[in-house]
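Participant: Sequence:
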Amino acid sequence: MAFLENFILLLINTVINEAAQHNQSIFDNPSDDNRVAFLDLFDQKVVALTETFLHTDVCNDFNDYTFDGFLQYSNTTFERILNDRFTINGFVLSPELVNKVKVLVYTILKVKEENSVYTGLIFTGFGEDEIYPQLIPINISMVVDNRLRYFVNENRIASISNYNNGAVCPFAQTDVINKILSGIDPSLNDVYHNNFGALFEKYNREILTILGDNDPEMSAQIQALDTRKLVFEYAQMNQQITRLNYIAPLMNAVSSLSKEDLAEMAESLIYLTYLKRRITNAEESVGGPVDVAIISKGDGFIWIKRKHYFKPELNQFYFDNYHKL
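Read in order, the letters of the sequence shown are residues 1 to 325 in the working numbering.
Please keep in mind that the hints were generated in silico from the structure rather than gathered at the bench. Note that the coordinates shown come from a computational prediction; the quantities given were computed from them, not determined experimentally. Treat the hints with care, since some could be wrong.
Taking lysine-lysine pairs in the DSS-like style, the calculated list, with each CA pair at most 25 Å apart, reads [stated by the list, open to error]:
#1 K259 <-> K307
#2 K229 <-> K202
#3 K297 <-> K259
#4 K259 <-> K179
#5 K179 <-> K276
#6 K112 <-> K102
#7 K307 <-> K276
#8 K202 <-> K305
#9 K305 <-> K259
#10 K276 <-> K305
#11 K112 <-> K100
#12 K45 <-> K100
#13 K102 <-> K45
#14 K45 <-> K229
Given the sequences, and given the hints that come with them, work out the whole structure.
Facilitator: Given below as C-alpha cells:
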C-alpha cells in the first residue's frame, strides 16, 4: 500500500505544480478568491492529463481491473492524501473533482508508462529456434491489489536480423554512452534545441517591434506563426544527420567486431561512464570492477570478467573444492 500511496501522491503533486506553475503562492498561501480559481485550474489539468493516457496500452495484470475494484482497495488512501494536501490548506474538493482525481490515478496506474519509479529487468540471449540474439527489457514498478504492474518496454527491444546487423543498448545511466553513439551529449543537444526555439521567438519579437503599428496585418501574421513546428523540423534534421554520420557508421563497425572486441567495447563504455562521474560532481553510482560476459549461439553464456565477493588469494580452498565438483 505504501507504493500506491507514493504513486498517488506523486501524481497529485505533479498536477498541483502544473496548476500553480506561474504562482506557487496560489496553493501554498491561498485566499478565498484564489482557492476557487486554483481548483478550477486543477480540475482542467486533471482532465487533460487523464485524456493523455486514455488510449495508452494497458499492463497485462490490469486488463480486467475495474474502477470499482480500485476504489474499494484505495479509498482510505485517497481520503488521507487528499486531506493532507488540500483540506489543511482550506481547499474543499467537490465530489465530482475527487472522482476525477481517482479516475486519473486509475487510468495511469493501468497503462504502460515510464514516468513512475520502476526496476528494470533485461533478458537477452538466444531462444532454441533463434539464429540471432534478442534483448527484451521489462519495467516492474509495484504490486497493487495483488496485481503486478509490469510491461515489456517495446520501444527498447533490440534484435539482430538480416536488416539490422548490430545494436548498442545502454540502460540506467546512459548519458556517456549516448554521447559516444550520437556525437553529442543529449542534455547539451536539448539546450541547443531550447536556445534555437527561444532565439526564434526573440527574432519574431524584434520584427514586431520594428513594424510597430505600421503594418497591423503583417504583425498579426507574425504573431500567429507556430515556431514550435520549425524547432521540431530543426530537431528532425539534426537527428537525421546524427543517424547518417555517427550512429550508422558506428553500428556498421560494431556488427563486424569479434566477440572479444565486443566485450572490450562494452567494458570500456561502462568505465567511461564511471570515469566521468569520478572526475565531476555527479553522483558516483557507476564504478568498481565491471562484470563482462559473452552470450553466443555456440558457446552459450561465458564469463570474461567476474568479480568475487571475497579475495581469491585468501580462499584457495574454495577454488579447489569448486573444481572437484
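Participant: Now tell me if each hint is right for this structure.
Facilitator: Structure-based check of all given hints:
1. K259 <-> K307: The given pair, whose Cα atoms are some 20 Å apart, holds under the 25 Å limit.
2. K229 <-> K202: 16 Å, holds
3. K297 <-> K259: Roughly 12 Å separates the two Cα atoms, so the pair holds.
4. K259 <-> K179: Given that 25 Å is the threshold and the Cα spacing comes to 23 Å, the pair holds.
5. K179 <-> K276: With Cα atoms ~12 Å apart, K179 and K276 stay inside 25 Å; holds.
6. K112 <-> K102: Roughly 18 Å between the alpha carbons, so the hint for K112 and K102 holds.
7. K307 <-> K276: 22 Å, holds
8. K202 <-> K305: 54 Å, violated
9. K305 <-> K259: 14 Å, holds
10. K276 <-> K305: Answer holds: K276 to K305 is near 22 Å, not above 25 Å.
11. K112 <-> K100: Holds, at roughly 20 Å.
12. K45 <-> K100: 10 Å, holds
13. K102 <-> K45: 14 Å, holds
14. K45 <-> K229: Between K45 and K229 the Cα gap is close to 24 Å, so the pair holds against 25 Å.
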